[in-house]
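2 protein chains.
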Amino acid sequence: MSENGGEFSIIDRFFSSGEATGPWFCKGVGDDCAIIDIGASRIAVTIDMLAMGTHFLPDAAPEDVGFKALAVNLSDLAAAGAVPRAFFLSIGLPKKDDGWVSRFSRGLMELSRRSGCALLGGDTVRTPRIPKADENSPAVFSITAMGDLPKGMGLTRGGARPGDDIWVSGTLGDAYAALKYRWGHWAIAPKAFEQLRVRMDRPEPRNALGRLLLPIATAAIDVSDGFAQDLTHVLERSRVKARVDWDSVPRSEALRSLPEEQQKEASLSGGDDYELVFTAPPSRRREIFEAGIASDTLVTRVGTILPLESSDSALTIYDATGGAVALKSEGFDHFA
Amino acid sequence: MSENGGEFSIIDRFFSSGEATGPWFCKGVGDDCAIIDIGASRIAVTIDMLAMGTHFLPDAAPEDVGFKALAVNLSDLAAAGAVPRAFFLSIGLPKKDDGWVSRFSRGLMELSRRSGCALLGGDTVRTPRIPKADENSPAVFSITAMGDLPKGMGLTRGGARPGDDIWVSGTLGDAYAALKYRWGHWAIAPKAFEQLRVRMDRPEPRNALGRLLLPIATAAIDVSDGFAQDLTHVLERSRVKARVDWDSVPRSEALRSLPEEQQKEASLSGGDDYELVFTAPPSRRREIFEAGIASDTLVTRVGTILPLESSDSALTIYDATGGAVALKSEGFDHFA
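Those protein sequences? They're chains A and B, same order as listed. Mapped onto our numbering, the consecutive letters of the first sequence carry residue numbers -2 to 333. Mapped onto our numbering, the consecutive letters of the second sequence carry residue numbers -2 to 333.
Hints were generated in silico from the structure; no laboratory data involved. Owing to the predicted nature of the structure, the values given are computational and were not obtained by experimental measurement. Check the hints yourself; a few may be wrong.
[To be verified] Now the in silico label distances, taken between C-beta atoms and shown as ranges:
1) Glu233/B with Leu295/A: 49 to 57 angstroms
2) Ser99/A with Asp56/B: 20 to 28 angstroms
3) Glu233/A with Arg236/B: 51 to 59 angstroms
4) Ala184/B with Gly181/A: 29 to 37 angstroms
Cβ atoms here follow ideal geometry from the backbone N, Cα and C, with glycine treated the same way.
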């Protein structure tokens, strides 16, 4: 679930309160996942809607669209530390097109098989055509993904504590830089673009890492709206502040080939990364590096959680000169 | 989950086989709900996408749209016999509009409270505007609803046996007749239309009846695509045939004010009813009438399940003269 403050404020009011009890105990409402206890079992559930023209370029390869539609949901499960088990798919199509859906399904099922997340239900409906998109493209998809959690466990945005380290998986900013190139805004060398493009089209959800972090991390979120905005969600839920060191923010070689201002915009505010940002006490550093190795995922320490008491802003990012980095925007907002 | 043969045949190929095993045992894939065993607990899960202009008239009241968006999902849970517990909502909006969403939420949450089905997660994204709709209307919604089932239980389309009675809840055809009036195709007296309109705008999911039928019925489905088409889904899954008596098909007083040909079209082929069609042995008739009384729901016996052996078509509907009723269409298909 990507929950932009601006977008979801209306519906947010109607959510069951943060910890609902009843036949099904639930926590994490308004988080990446809802975490639900059903009898003696615990599951994590997330829903995401994706639209051609908003989340995908109109000419995106159907295989990539299918892969990414599932990947962004698995990424929400990764942020909760859940093991993907099942997903449900709705497709809105402007008209019936077996060719497009068949290619879409190929990418989708590639990730389904690889992640052990089975397609258990679905629905296809007619929706209006998007003016500028390929007339055969589906307009919109909605996926609900469900995963297993051990009894009593599950990462949320709410547990970061002063003194905790702030960590990031993989590298940030690649997908956004690829999009800026596609839009014609940034000049990027063909070879660098090719590396960035894969990160935009085929994001790798970090479920193996998330599962290993379950007994280690104090809070976690996946980066969909931009590092600064998503980390701020953690800070708000955890009632803490943060200091981040810009030089530590992990960036790919391809992104480092761009001017530093573009690197900052892409990696701090860009979004569409589907990397994990998580917090943990300094005493767990060795275990975190081991989890990174075991899951074949780069993990980088980028800052520190601070107490809320002082009066400056919740998140400050410092560069090597000790100056604060100005953020380009407040992250991705579909309605901005 | 509404699974029109024509619409979903492509994705259908990719569903996990009817009974998937693994950490989560699952049956009912391709049914109204997936029925999943998680540890010692059993749940039913359904997903439905609804689009303005396809499932809702462009000028539909936002409160009604919200109510019905949840109702059609609860109806799928009713067909499985599940008790609604939680739902997840995605909204696709052409632009931010707090007023519309606030009114939508009012109708949605009215049914949420009444049914004990809590909103546990959601997502709002920007989607393209529908050409002819109110420019502030959301384009598309997707709801995933989850319910409780007792261990080892759960109604599917697959259990009807020769000799079983065929039953219908409530009355059929009202919503379709209201739509035909709104489209200007049928002339209906204002008072009759008012009764039909409520059935189109505020369908009552039959969860109380469905739960009571759980130990009684052999198969069940909810009528979304039209009685004939949805009963045919049961026949196909159960590998049986059926004989239905047209005069027994339950119709409201308002529908009976229309010409008989229109009554036939609306109640047999119309769809959008969200009533249950279910089967049970004749020995259970008394229990079924008691379940109807206990849930304050009309239940009507309309026909009989037959063995597959004979060569005529799977479903035959006879009128009082003993002649077969010709079906107007094969039910609702978004792409027809």
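Checklist entry - For which of the previously enumerated hints does the structure constitute a violation, in increasing order of number? => result Of the numbered hints given earlier, those the structure breaks are 2 and 4, listed in rising order.
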